[in-house]
Amino acid sequence: MTGGMIGGTRRGTTALPVGALVLVLLPLILMPIAAVFVFALKGGMKEFLAALTAEEAQFALRFSLMIAFLTAAVNAVLGTFAAYVLSKYRFPGRRPLAILVNLPVALPTVVVGTSLLLLWGPIGLLGSMLDPLGLQPMFMPVGVLLAHLFVTFPYMLGAVKPLLDELEATYEEAAYTIGASRWQTFRWVILPALRGGLFSGTLLTFAHSLGEFGATVMVSGNLRLRTQTAPLYIFAQFEAGNLAQANAVAAVLAVLSFAIFFVLLRYSGTPGAQNRKATF
Amino acid sequence: MSIVLDGLVKRYGGLTVVNRVSLEVEEGEMFVLLGASGSGKSTVLRLVAGLIEPDGGSILLRGRDVTRLTPQERGIGFVFQNYSIFRHMSVAENVEFGLKIRKIPSAERARRREELLDQVGLGGLGLRYAHQLSGGQLQRVALARALAYEPSVLLLDEPFGALDVKIRGQLRRTLKELQERLGVTAVLVTHDQEEAFELADRVGLMDRGQLLETGKPETLYSRPRTLFGATFVGSGTVLVGRAREGHVHLGALALPIPAEVEHEENERVRVLIRPEQVLLAPESGGDEDENEEIPSPLGTASGEIVEQSFLGALRRVRVKLPSIPGTRQVSPAVFGEEAFLIDAVIPAEIEVPGTRVRVGLKGWHILAPPRPRLLFSDIGREGSAGAFPLGERLVEDLDAMPALLAVGNDTEQVEALKSALPERAVALGLADAEPRVRRGDPAEEIAAEQIQSLYDFVVLAPGKTQEEEVLETLLKRLSTSLLLLRGAHPSLSRFLICTRVGEQGKDDVRVGGWLARRLGAEVTLLHVAREPGAPPRWVTSHLAGGVSTLKALEVPSRWHIREARTPVEGIVAEAKEGGYDLVVLGRRSPKGTVSRDEDVALKLLKSLDASLLIVPAEE
Amino acid sequence: MRLPRPAGFQGPLTLLAGVSLLVYALWPWLPLPGRPHPPRTIVFYGFSILGEALDQAVLPTFERGWHARTGERVTVVTAFAGSGTITNQLIMGVPADLALVSLELDAERLAAAGVVAPGSWRRLPNAGVVNRTPFILLVRPGNPKGIRDFTDLGRPGVRVVHPDPMTSGGALWGVLAEYGSGFRRGGPEAGFQTLLGVWRNVVAQAASARAARTQFENGFGDVLVTYEQEALADSGSGAGAGTGKPGAGGWEIVYPPSTVQSEHTLVVVDRNVEPGERELVDALVRFLWSDEAQRLFVQHGFRSVSPELNDNPAFGRIDDPFLVRDFGGWDRVRREIVDGIWKEKVMTQVGR
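Chains as they are written, first to last, in my numbering: chain A, -5 to 274; chain B, 543 to 1161; chain C, -7 to 344.
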């Protein structure tokens, strides 16, 4: 029997599962995404652009991006710090804490929104104390930021902690013996070793923040031109029956997500590998 | 002194991983810590570097106490087994890292970097990154990086452990050259004896957290003090014989014991025979003349070759010799074999025909006596801790190996004791003690433990009247010396040996004297006379003999005769007047019912505050 | 100290893309010279169907008028959702200055929660009612099920789309319309039977009247119970109704012989009105009852509180319109009809 024959048999047997997979994926993932673009461009480019340049749509996109940038920046710092503490220090309660910081992934985002309202809202635990002072984080951009920080917190941690876990302690120790302070060691030895994780973690955080809906709808107050993020805008327009408006922004979000995932794939192998959560 | 370590201790949980390590390393010296994995050698190095904090002891680097300083403040260079080269920095940046931290001007940095890269043999590779270099090259970078800022000492943790044998050799030479040229003090940790010998000015041998012995490689090889030194460094045969009249007797063979080697008459003595000290000659069927060709001054024995292996220049031959009564082999370890196995090495070109050879010796080495073993025990029924105020001191002064025994009533208690014992050992100042837990009657179990593990002393800290029953049983059952530590005296420096007259009394003096010598105590020999008047001559001659025995042990001593109605009265009076810390008492064989002698011990326990040492008589 | 710079981003293209996105996001807030000051804002929450009328007609007209009068640019920021949802958000503390709820009951809830002073809306013009719209039935083109009245909704095989009375004020109006039409024809039993018939056939409940319309537009059900205004509003472009045409899908409005006219109540959330905003808020409140604003509402399918302005040719005839006050006001309606009949009798019989 020749190699070619074996190859032929192989092709025959692989066609079936591959075909089945495509058949499953088509209506499950591929076609819905395609539908967004089809509907967005249904009325022609002109209508698409008009829908996209509407003041509210522009605001929603800009607001979403701004929140995503802020969320990514803050969580890059917080997530790295958390990963460092959880990876390098041994203390009682470390494991429960490691589970706790990953909890936002498991928690329904609506629950996150509700819990934030019950904490920071005007009738909430802390909010009721802040309210007399004229401080009111909920239904404000800062409330949206808080929700996004909460929801996306584990992504940075998940991207950075495995790298820290694998980074042998001797690198740090080498820097110490050479004379580098803790900060210098972190800045010049640890941080550079984490840059792949920082990069993918930041992108993932950004992408998730851009698409966040459940928690945002609870805490934003859904004020157009004030706290309405792009997903909220899409939902509001869709509910109002303005499919063209909804789909124009949806298409932009989809393109942004593709771009982010393309970059992730391009620079850090599979996004899935970066997406793994901290292991316990 | 470049490095001085004093009584360094490091514990993890209940486990002592570095146990009172003291060491001095001279300026410019290359000191190698040699030991198996888990011996604590790397921990010592990390303590010196400041990467971990000691639980006790101090570290001086060039006269400066750095014990509590951070690694950054110590100014040391450290080379790791895994190189730990910063991957996102080029070779040049790695080497310059320490200089940049120290804000050295760029030109000076570049000069120093080029110089070092040349010296480690990496000239021109400055722009490479870690992934472009081999393991050997990486370790050269690590070496250059650690030396760049001229550290006071260079510490190397198994630096060649991950490298090929051939690369290792090259790197060793580079390291040795560089270290000598720069005159930097270095401490290197390795498990590889060959590496230790090749590099070291001096070697320190570590086992189970302790620095057993230090010395030049040659000394360590040819004249080790400890069994571990004899067997871990190089190969060889260790036999145990008895010391009699200045010789070790191995069957018919009597090897003279050098004067400087401590030994006790009739005690076990361990003899090390290195393979190159063994002489072999073909056996020619009982022809006495030919056998004379072996230049062995100690005669020969006949054996059978059981194994030969070719080692290149040399050939190793393992010969089986018939067993010798009263002699035991320790190394190489044999199991289920009564015969001895002796290793010899001969030039490889010499073929040994046949399987039977004559074996002779051209040299041997006698090991120092083993460290005494102490069994500390809590004797309270609830396993309550008796205090051992002097225990820690005793262990230190005797360089003893302690064990701590707790006895519980039932399984539950035993489990509780097991988990609590390491912690209690620390509380008692016996952190290094091997924890032992038994179940049953305290006295019986102490005796059983002693029989099982053959301790040199059983140490208790009883109250004045408590646990009398336990002591009674112990006195009956124990066949080893029983030390009852009591009182508030800071040390044991004044001994009162209440010696029995006659053959038995010699043991009292011998054991008491042995202890006195190690503790640096002075001794009074006491005889209690029932009747007034001049003592009989046999009494004075026994006492005088005792004093001269003690003199031979370099223990200052005198003797004294006291009149009293009973021995107990006399001893109590003398002990109180003289302010003695320890009263040594002999007693008769442990068999039989409670005798008068044991009564003496118990009475003394009640009426004295001093510690007591009760020595059994050898039958 | 100069040390190698750890690259945070890989690839200049990615970096460029990231920076451009950032600049785009921040553009309106960048402090560039020549930028006008950000305008003053009022926050206006409205129930779902008000969206187009307010955003595209009434509020821009007000903003223009204010600018013409004072030279100051102001912006009215809006948020629209089901009336119940808005009420809940207001109770949670959203910073609304004004809210237009679809029924007085929600205003009462706000008063109960301390968001507004009790009865404060009754001091506004027309007791706070800004506009009205009757409850009607929207059916598929050609009315294939032959629906003429609420009683027809109880026929087997008719699938009804209805907003959810838990979150939608419109749904409560719907319940009252269904019960009231039967009651006025044949007393309490007829009212109950009509209501039961409708709810037996409800196949979809949406969170708001607007969402219910979107469901219906997407093909759910045979008939939608909704505001006349909803039915008149052109679904496709979102432009104002007033053309008299039914929705772009060709759906037909069926006017029941007897139905309720919903009344939409404005509340001023005084505690959120900063002192400096007071005159602006008051001006907007006054404007909502001006003929100009009322005409705009009529153009967008609402019926004005001033009957002489109701000249929209698309408005159909209702033989026997009634108001909530005919049934004793929302307090009683809620207690006796919504809770007492709909929730406790109808819903238990329907098994939901």
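Please note: incorrect hints may appear among the correct ones.
Said to hold, decoys possible - Example chain C residues on the side facing chain A (calculated, C-beta under 8 Å, incomplete):
1. Gly85
2. Arg147
3. Gly149
4. Gly211
As the list claims (entries may be wrong) - Covered stretches of chain A (in silico footprint by chain C; criterion: 3 or more residues with CB under 8 Å from a CB of chain C, positions within the stretch not fixed):
5. 20 to 33
6. 107 to 118
7. 210 to 218
Claimed, not checked - Listed below are the simulated DSBU-like cross-link pairs for lysine-lysine, each with C-alpha atoms no more than 35 Å apart in a straight line:
8. B/Lys645 <-> A/Lys82
9. C/Lys335 <-> A/Lys36
10. B/Lys1018 <-> B/Lys904
11. B/Lys1145 <-> B/Lys1048
12. B/Lys1048 <-> A/Lys82
13. B/Lys708 <-> B/Lys718
14. B/Lys904 <-> B/Lys960
15. B/Lys758 <-> B/Lys904
16. B/Lys960 <-> B/Lys758
It should be emphasised that the hints constitute simulated quantities derived from the structure, not laboratory data.
The C-beta atom is built at its ideal place from N, Cα and C for all residues, glycine as well.
Quiz item: What are the numbers of the hints that this structure violates, sorted from low to high?
Solution: 2, 3, 4, 5, 9, 10, 12, 14, 16
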